[in-house]
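There are 2 protein chains.
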Amino acid sequence: MTIETAEARYDIVAIGNAIVDVIAQADDAFLEEEQLAKGSMTLIDAARAEDLYRDMGTAREISGGSGANTLAGASTLGRQCALVAQVADDQLGEVFAHDIRATGIDFDVAPLGKEPPTARCLILVTPDAQRTMNTFLGASQFLPASSVDADLIASGAILYLEGYLWDAEQPKAAMALGIDLAKQNGRKVAFTLSDGFCVDRHRDEFAGLISDGKIDILFSNEAEIMSLCETDDFDAAVAQTAAQVEILVVTRSEKGAIAAHGGKIYSVAAEPVEKIIDTTGAGDLFAAGFLSGYCEKRSMEDCLTIGAIAAAEVISHYGARPEANLRELVKARLG
Amino acid sequence: MTIETAEARYDIVAIGNAIVDVIAQADDAFLEEEQLAKGSMTLIDAARAEDLYRDMGTAREISGGSGANTLAGASTLGRQCALVAQVADDQLGEVFAHDIRATGIDFDVAPLGKEPPTARCLILVTPDAQRTMNTFLGASQFLPASSVDADLIASGAILYLEGYLWDAEQPKAAMALGIDLAKQNGRKVAFTLSDGFCVDRHRDEFAGLISDGKIDILFSNEAEIMSLCETDDFDAAVAQTAAQVEILVVTRSEKGAIAAHGGKIYSVAAEPVEKIIDTTGAGDLFAAGFLSGYCEKRSMEDCLTIGAIAAAEVISHYGARPEANLRELVKARLG
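Residue numbers (the numbering used here), protein chains in the order written: chain A, 140 to 474; chain B, 140 to 474.
So that you can see chain A by itself, here it is in the shape it has in the complex (with noise of 0.2 Å):
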């Protein structure tokens, strides 16, 4: 059955976390004394974060959310995009909100109430740069399916999802639905596996979205996809996924990214940066970086590198929201 598709009005939309990160420097005894494992994302609860931020260091507040994230790096490249997600009628949602829309991207999710708060994540950046993610999901994990516009999906030529967002009840059904409605109007479906654990906590459902069709562009690194197949075997585990999506992405940090498409494997090197600050973010930005490129029909080679270009801008410095013209970047590099 061929679809006939409308001209897309966004390049992106993506349903995803509304999460102000709370960003500060650690050292790895901290993160001994408080059991948290380097470089991995933990959900905790409202009072596992107030002892949490009450024992950290001083922080900035940056907006975050992986989709979103996405997202704003996508849209510093000069897509235009739409973002699903919820937050609460409290200051860090009103921040969350501004930082969205001051990139440019439409967001018209109405905040719920004052309780649960907006989402946010405490981020322990070690010195060697490292992130260890701790999330307090708040009003983020109450994003009901009504807020999933059918005009909205069909209106994006591309739906992007999170695996972080599959924790929750609500935004798993929103998601569900946003799947639907995608494929019901032509419309490709991205999906990032997000993290180790996340993949764990989900495996069957992951696999079962994978086999299913559902998803035409994967985003994952190489703990994810090594997890997804259960398996140590990274070849393997990419040739067993290939061979199930329209697009595989899977990023290796330093060793650079792959993408599987066609029966074939393309494969770039890391882009230099000076110096590593904060790695929160990389692979959104990777993501968004690539999705940019194949909006704009770039070839497999170019998605990557704009990948690796917007992935490096976004480590050399705190946050992960880029701070710098991706686009000139990438002009500079590719025209």
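Only true hints are included.
Subject to a maximum C-alpha distance of 27 Å in a straight line, what follows is the list of computed DSSO-like cross-link-like pairs (lysine-lysine):
(1) 470/A - 414/B
(2) 470/B - 414/A
(3) 353/B - 311/B
(4) 253/B - 253/A
(5) 414/B - 414/A
Source of the hints: derived by calculation from the structure; they are not laboratory data.
Based on the hints, put chain B in the right spot on chain A.
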């Protein structure tokens, strides 16, 4: 009359604004459009704060407040500090209180209610690294005199006050009470003139404090001291003011800084900075370094050098609170 002074529990007690900075990049055209005077601080009301925030770009939130920044620097340099400042019972108030306490500073003023909200300063940083500040004072202007605890002031070797706080009646009364208590207990009073427009608004009162011998250590920049003395002659302004205080410190941006003390002028060059990113907090951190050296009974030259080191660190990144270990930077230079 010689006042018997007890051993001080605190090196510095400050009465200051409790502000969270909202820092965004902006170009000169935006400043022009918004009719903002580059490099200055403008007081704005809630409606203007809302409008300006809507129009400005994506931001990062970092605790600020002039006196609070100075204490954060002094605390990082190893001084014992306490802050008297007013937040509201809201998320930005929690952020401010957390960051102050996480720096090791005692802060015991209870939040006011929900409204007015915690103060914020919308800071626009232009590509030349200059900051243009727009402050909505919110709860901060309602710091009551009752928050100034006599024992606290008596227990601080130095009482530090910011001129910015002179705009609202209640904090002004709180500072006046603080000065009296400090003097009664044989403590030093340090004061910063804060901003040229601030000096314009309160010239007679500031001059009165100085001529009445209420200020022991005065911090200023070139524009402020010339405005105070209503002269274009920098040397004359320094000579006139230095005669009325124990120590006069004048920062001169890239020209370094001077201290006038005991009939002598001491000077120091600006510290080299690889790349100046955001000049917010330069004066605050200079004061932090200088006072920290003063508390350690260091020479005037060393006090100036520590001030210059702290200022150089804070202008090398966004935000007005130190990110590096200032103590180590000073140790590497002065031992």
